[in-house]
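Undergrad: Use these hints to put chain B onto chain A, whose structure you have.
The lines below spell out each chain.
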Amino acid sequence: KAGVTQTPRYLIKTRGQQVTLSCSPISGHRSVSWYQQTPGQGLQFLFEYFSETQRNKGNFPGRFSGRQFSNSRSEMNVSTLELGDSALYLCASSVRTSGELFFGEGSRLTVL
Amino acid sequence: GNSVTQMEGPVTLSEEAFLTINCTYTATGYPSLFWYVQYPGEGLQLLLKATKADDKGSNKGFEATYRKETTSFHLEKGSVQVSDSAVYFCALSFSGGGYNKLIFGAGTRLAVHP
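Sequence lines, in order, name chains A and B.
Going by my numbering, the first residue of the first sequence is number 1, and it counts up by one from there.
Going by my numbering, the first residue of the second sequence is number 1001, and it counts up by one from there.
With the rest of the complex left out, here is chain A (with noise of 0.2 angstroms):
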């Protein structure tokens, strides 16, 4: 069975620039949640999507947007990227609201 995978691995953006981070959960699994995480903040709750609806939002700008689609593939974006951006992002699959999560290895972004 395929894990959670997490496309592009690595990038590396221009402060002002945007992104967008794409994560296809695995099979079956409808709750795709996006963390990121960093040296100093370690691991922060972005949000959670369930069947294409946000269901909880972290305490982050309204520049990380995310959405799910009907395959429960699910994207995040950040706009006006700022060098404080720069971080892990780790995007997590569950089959219901347990708390048992599934990880991908993440997308690390660099901010120049």
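It is worth saying that the hints were derived from the structure and are not from the lab.
Even for Gly, the Cβ is constructed at its ideal location relative to N, Cα and C.
Mixed in with the good hints, there may be bad ones.
Per the computed footprint, the stretches of chain A lying under chain B, defined by three or more beta-carbons under 8 angstroms from a beta-carbon of chain B, are [what the hints assert, rightly or not]:
(1) 47 to 59
(2) 93 to 104
Taking CB as the label site, the calculated pair distances span [unchecked claim]:
(3) A:T110 - B:A1053: 37 to 45 angstroms
(4) A:T80 - B:V1082: 44 to 52 angstroms
(5) B:D1055 - A:T80: 38 to 46 angstroms
(6) A:T7 - B:G1078: 36 to 44 angstroms
TA: Coordinates of chain B only, in the frame set by chain A:
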């Protein structure tokens, strides 16, 4: 607010040593508690969980007991192996906030030497 505090690493042990990684939490209400592990080059994996006070989660020789009186969820293993070298994260979530909205601790790196 709600938060999780873990002991700072790295924790360095010899093979077959006893492991304890401390985790305490601050929460309004009664959260579910989790331990996740991140092996080198891999995504996080759920190691074990406990959903109510006095529950014991266990998996792969690891154990943790939900202690409401001390607001703790310490991770233990009787005999570690080199393959246990990884970063361990303690986390909590609430049913009202959505169980998949996890609040993580900073992580504790474990290095086990032969």
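Undergrad: Hints first: check each against the structure and report whether it holds.
TA: These are the hints, each one checked on the structure:
1. Taking a C-beta to C-beta cut-off of 8 angstroms, the stretch 47 to 59 of chain A contributes 4 residues in contact with chain B, enough for the three needed, and the coverage statement holds.
2. Residue count for the stretch 93 to 104 of chain A with a Cβ under 8 angstroms from a Cβ of chain B: 9. That meets the three needed, and the coverage hint holds.
3. Taking the beta carbon of each, T110 (chain A) and A1053 (chain B) are about 43 angstroms apart, inside 37 to 45 angstroms as hinted.
4. Range check, T80 (chain A) to V1082 (chain B): about 45 angstroms between beta-carbon atoms, so the 44 to 52 angstroms window is met.
5. Range check, D1055 (chain B) to T80 (chain A): Cβ separation about 45 angstroms, and the 38 to 46 angstroms hint holds.
6. About 40 angstroms separates the C-beta atoms of T7 (chain A) and G1078 (chain B), a value consistent with the hinted range of 36 to 44 angstroms.
Of the hints listed earlier, there is not a single one the structure fails to meet.
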